[in-house]
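Participant: Residue numbers (our numbering), protein chains in the order written: chain A, 1 to 406; chain B, 1001 to 1248.
Treat the hints as calculated values from the structure; they're not laboratory data.
The reader is advised that the hints may include incorrect statements.
As the list claims (entries may be wrong) - Partial list, derived from the structure: chain A residues whose beta carbon lies under 8 Å from chain B:
no., residue
1, ARG20
2, ALA21
3, ALA258
What the hints assert, rightly or not - Sample of chain A residues lacking proximity to chain B, with all beta carbon distances greater than 10 Å (derived):
no., residue
4, ALA151
5, THR244
6, THR308
7, LEU316
8, GLY321
9, ILE403
Stated by the list, open to error - Over 12 Å on every C-beta distance to chain B, these chain A residues come out as not near it, computed from the model:
no., residue
10, ASN5
11, LEU6
12, GLY315
13, VAL320
14, GLN330
15, LYS393
Backbone N, C-alpha and C fix where the C-beta goes; we use that ideal spot for every residue, glycine too.
Here is what each chain is made of, one letter per residue.
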Amino acid sequence: MNFANLFKIALRAIAGNKLRAFLTMLGIIIGVASVITMLAIGQGSKRSIQAQISEMGSNMIMIHPGGDRRGGVRQNSADMQTLKLEDYESIKSEAQLLSAVSPSVNSSGQMIRGNHNTPTTIYGISEDHLTIRQLEIQDGEMFSEQEVKTAAKVCLLGKTVIDELFPNGEDPVGKVVRFNSIPFTVVGTLVPKGYNSMGQDQDNIVLAPYTSVMKRILAITHLQGINASAIKEELTDKAIEEVTAILRRNHKLAEGQADNFRIRSQQELSEMMNSTTDMMTVLLGCVAGISLIVGGIGIMNIMYVSVTERTKEIGLRMSVGARGIDILSQFLIEAILISITGGIIGVLVGAGCSYLVKILAAWPVYIQLWSVVLSFVVCTVTGIFFGWYPAKKAADLDPIEAIRYE
Amino acid sequence: MAKPIIELENVKREFIVGEEVVRALRGVSFTITENEFVTIMGTSGSGKSTLLNLLGCLDTPTSGEYKLDGIPVRSMSKNQRAGMRMRKIGFVFQNYNLLAKTTAVENVELPLMYNPRVSATERRARAVEALKAVGLGDRLMHKSNQMSGGQMQRVAIARALVNNPAVILADEATGNLDTRTSFEILTLFQRLHAEGRTIIFVTHNPEIAQYSSRNIVLKDGRIKEDTINNNILSAAETLASLPVQNDD
């Protein structure tokens, strides 16, 4: 039997009863459209949370001193001095899986310019910090390596600090500000980042070379922390292992001895957030999936009724030479065509609904290719699955009875 | 001796209904040769429907042999019989059995749709040709619900002709039509007969037997009469003699 002919027969049969075909499709359309819309909403919120996390610096690895005990008393990690500059240098020169490494020291204090002042935190960092935290320079430029080496008194200001110290909108670049009476020349300003999801103002910062902060403000030789970026988010775990190995060697820790530092990554946070949104996506997907099944049962119903209704037609087809397999194929192709057409319309309607949700409710939505592919595959399978039984029933009809069926 | 198209040899067909055995055909033998126009008559329960099903390869005999165009049918599988129907038989039914909301030409194309050896172009050409042969060349694109009973039956006859079958099986083909239209259809059958077609016309209307070349009468599953009609009436003449209808 020629497949092209069967296809044509099925197509003619559908064209012969457009309303019935459309009503059958409706279930599938609603099912597919809701799957797509629900998954788009789920994915949209997941993405927006991921974007917030990556704003804090994706792939970020934070190394802090820790795990040290003094006479059984666990110490505040900030007071411990187990992280040294040599550790930073070893990591910088040896670690293969890191794209950026920066020491991190900070001090809170009052930033003063003329008769303006504001409380803020000065961060001692290296150039890589901008990459790690995804910061950008707005005006001026980043301090140079030379300035890091010489512990130069230069700094970059965040927007909140600028607003407080330069309320008249002057250009801060080149001006001198004082931090706890130590003068710093402003070499650049930072692009504002706004508040993060934890409600912290990310613009209330001053960046200076770590050497300057260590020597001139804190007068310490150890590091409060080291921040780094893994090459890729997926490689974060590997990068942590690598850094751990370097630090353990540097700190001469014997096997079995606990780490005297702690390494954390943004992944934990992002995993937690993801698990919440994933659950939401699954939930929405389930609701939508149920409607797809209902749509499938709709197909079965209509196909089943249509076998009875079309008994005579089936009898006629058999009397002119159609075999059981031809009838089966025809009904199956009809069911699949209806489901696929319904699927295509459903995808379009789903995309439209997602767009409406985005416009009207201002929810973040994101349609993923896999959700389209998934619902498409599901409706084809639905067509075959729910079309099979009625088709088989049609094929098994006795032509003698079918042709005389009233 | 003309080529035998249908050979029945002591054909019996029994049905088991519950505990009872119903003997629908109790041993029927006859041969129909090429270019015969045979009417098969009988009251209800005489076995003529069962015989028609057997002749149409819709059913197989319980015993006895049936050869269609020289090919034994009894041992055939369901699919093989479907193939026989596709190539050797053209059915015409009492209630036309056209596909609803489908054009005349698509209805006629139907049997060829199941024949992979016929291309789409050839299929269309043969369907148009068949419709022209039944006088519907100007109604190719009419849908089945836009036609009169007589026109629908012509489409059905065209559909039976399109695969160029060995035999045309008509089941009460004029049963649903008024007298005038009946004779129009009968005229068409006679013309097809004259063109060399083999036609079997199952009916309970004794009048029709006068227009066929041979008449077989069944009773209680057996052949009661098998007569050659030497005085075939012309349906066209009868049609001409019918009073012109004056519908008010």
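Participant: Decide, hint by hint, whether the structure agrees.
Facilitator: Checked hints:
{"no.": "1", "hint": "ARG20", "in the structure": "violated, 11 Å"}
{"no.": "2", "hint": "ALA21", "in the structure": "violated, 12 Å"}
{"no.": "3", "hint": "ALA258", "in the structure": "violated, 78 Å"}
{"no.": "4", "hint": "ALA151", "in the structure": "holds, 87 Å"}
{"no.": "5", "hint": "THR244", "in the structure": "holds, 70 Å"}
{"no.": "6", "hint": "THR308", "in the structure": "holds, 15 Å"}
{"no.": "7", "hint": "LEU316", "in the structure": "violated, 5 Å"}
{"no.": "8", "hint": "GLY321", "in the structure": "violated, 3 Å"}
{"no.": "9", "hint": "ILE403", "in the structure": "violated, 7 Å"}
{"no.": "10", "hint": "ASN5", "in the structure": "violated, 5 Å"}
{"no.": "11", "hint": "LEU6", "in the structure": "violated, 8 Å"}
{"no.": "12", "hint": "GLY315", "in the structure": "violated, 8 Å"}
{"no.": "13", "hint": "VAL320", "in the structure": "violated, 4 Å"}
{"no.": "14", "hint": "GLN330", "in the structure": "violated, 10 Å"}
{"no.": "15", "hint": "LYS393", "in the structure": "holds, 16 Å"}
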